[in-house]
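Undergrad: Residue numbers (this note's numbering): 1 to 285.
Note that these hints are calculated values from the structure, not bench results. All values reported here derive from a predicted model rather than from experimental measurement. From the three backbone atoms N, C-alpha and C, an ideal C-beta is built for every residue, glycine too. Treat the hints with caution; some may be incorrect.
Here are the simulated distance ranges between beta carbons [to be verified]:
#1 L241 with H163: 31 to 41 angstroms
#2 E174 with Y64: 37 to 47 angstroms
#3 E126 with L165: 20 to 30 angstroms
#4 C179 with L77: 26 to 36 angstroms
#5 K181 with D103: 21 to 31 angstroms
#6 R279 with G120: 43 to 53 angstroms
#7 N100 with E142: 43 to 53 angstroms
#8 I98 with H65: 42 to 52 angstroms
#9 L165 with H112: 44 to 54 angstroms
#10 Q72 with K171: 33 to 43 angstroms
#11 K79 with S4: 45 to 55 angstroms
#12 M243 with N265: 57 to 67 angstroms
#13 K277 with G255: 49 to 59 angstroms
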Amino acid sequence: MEVSLLSIFSGLYGITNESIRAEGMRNIRQFNKLTANAEKNYGQAASSGERKPNPWILTKILKYHNKDYYEQTIKPLLKKNYDAKKKEKQILINQTLIPNKIDLTDDFTLLHIKKKAADGEYENDEQIVMDLTKIIAYYAGETEDVYMIKEFDAICGTLVIHHKLEGTIYKQLEKVNICFKNQKNEDKDNSKPLTAKHIFKKYASKFVMNGCKFISEDPEIFSIFQGYKYKRLDTFDYECLQMYIDLIKETIAAGDERVYQYILNWIAWMIQNPGKKSRAAIILQ
Numbered sequence: 001m002e003v004s005l006l007s008i009f010s011g012l013y014g015i016t017n018e019s020i021r022a023e024g025m026r027n028i029r030q031f032n033k034l035t036a037n038a039e040k041n042y043g044q045a046a047s048s049g050e051r052k053p054n055p056w057i058l059t060k061i062l063k064y065h066n067k068d069y070y071e072q073t074i075k076p077l078l079k080k081n082y083d084a085k086k087k088e089k090q091i092l093i094n095q096t097l098i099p100n101k102i103d104l105t106d107d108f109t110l111l112h113i114k115k116k117a118a119d120g121e122y123e124n125d126e127q128i129v130m131d132l133t134k135i136i137a138y139y140a141g142e143t144e145d146v147y148m149i150k151e152f153d154a155i156c157g158t159l160v161i162h163h164k165l166e167g168t169i170y171k172q173l174e175k176v177n178i179c180f181k182n183q184k185n186e187d188k189d190n191s192k193p194l195t196a197k198h199i200f201k202k203y204a205s206k207f208v209m210n211g212c213k214f215i216s217e218d219p220e221i222f223s224i225f226q227g228y229k230y231k232r233l234d235t236f237d238y239e240c241l242q243m244y245i246d247l248i249k250e251t252i253a254a255g256d257e258r259v260y261q262y263i264l265n266w267i268a269w270m271i272q273n274p275g276k277k278s279r280a281a282i283i284l285q
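With the sequences and hints as input, model every part of the structure.
TA: Below is the structure:
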């Protein structure tokens, strides 16, 4: 086989271990026959290779000119290095990524993730994980994990939380095929299909919670209550409000001014704090 000196020098200067690099330099003349042109330009090739170091050139040379050595020695090392970096990246993501909270006022659902995945809008695992944390969480049940997923209820026309078992959630996520934005066509053809299920299982720790309650201030416990549903109006009918206010004073408060003012303040607080629960209730006797 014939390989240019420049490629050899570029590859050797890419090796950080000085002793291995020096041995490689000595082996150029010892185990190879140089052409007259190579002898003439030896110094220039060495100088140019030093300015443009690239160890991957050696990998490419071995891949095409010494396939057995590449398959038996180099390829396993490359895979080991790739797996180590992949694991290191996953650990870093798990340590630094801050999950989103499931927000019932946000219309984002699994349908939006499907569309983004189909359009190739995702660039990496992190973006998918962040979107999944907007809609899914789970906690340990008595016999198995219970999963919560935000979905649109067409009958009610609102977003709701559905509680499902692991198998059901996994079937939904398996239908979301992931194709990263910058993924090469050859990688798409050779790699196994990647789904949202793979991403979810890979970063499962980002979705776990300690439990589920109707309302909780503990960030580790999922709170089903996320505020009263309301619609802000541009105008209001005071006469209509007055009828309701009169009903409160005359019937509910039974003419008691102190009770009447308490109820008005209670209602005013709820209007001013739509995302909170007052923890108070009016009992009629």
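Undergrad: Hint by hint, say whether it matches the structure.
TA: Results of checking the hints against the structure:
1. Between L241 and H163, the C-beta spacing of about 39 angstroms keeps the proposed range 31 to 41 angstroms intact.
2. With their beta carbons about 39 angstroms apart, E174 and Y64 fall inside the hinted range of 37 to 47 angstroms.
3. In this structure, E126 and L165 meet the distance hint of 20 to 30 angstroms, their C-beta atoms being roughly 27 angstroms apart.
4. Hint check: C179 to L77, Cβ distance near 29 angstroms, so the stated range 26 to 36 angstroms holds.
5. Under the hint 21 to 31 angstroms, the C-beta atoms of K181 and D103, about 26 angstroms apart, fit the expected range.
6. Checked against the given bound of 43 to 53 angstroms, the beta carbons of R279 and G120, roughly 47 angstroms apart, stay inside it.
7. Taken as a hint, the range 43 to 53 angstroms is violated for the pair N100 and E142, whose Cβ atoms sit roughly 28 angstroms apart.
8. At roughly 49 angstroms, the beta-carbon separation of I98 and H65 lies within the given 42 to 52 angstroms, and the hint holds.
9. Between L165 and H112 the Cβ separation comes to about 23 angstroms, which falls outside the hinted range of 44 to 54 angstroms.
10. Checked against the hint of 33 to 43 angstroms, the C-beta distance between Q72 and K171 comes to roughly 41 angstroms, which is consistent with it.
11. For K79 paired with S4, a C-beta distance near 28 angstroms fails the hint of 45 to 55 angstroms.
12. At roughly 20 angstroms, the beta-carbon separation of M243 and N265 lies outside the given 57 to 67 angstroms, and the hint is violated.
13. A C-beta distance of roughly 29 angstroms is found between K277 and G255, which places it outside the suggested range of 49 to 59 angstroms.
Consistency with the previously given hints fails for numbers 7, 9, 11, 12 and 13, ordered from lowest to highest.
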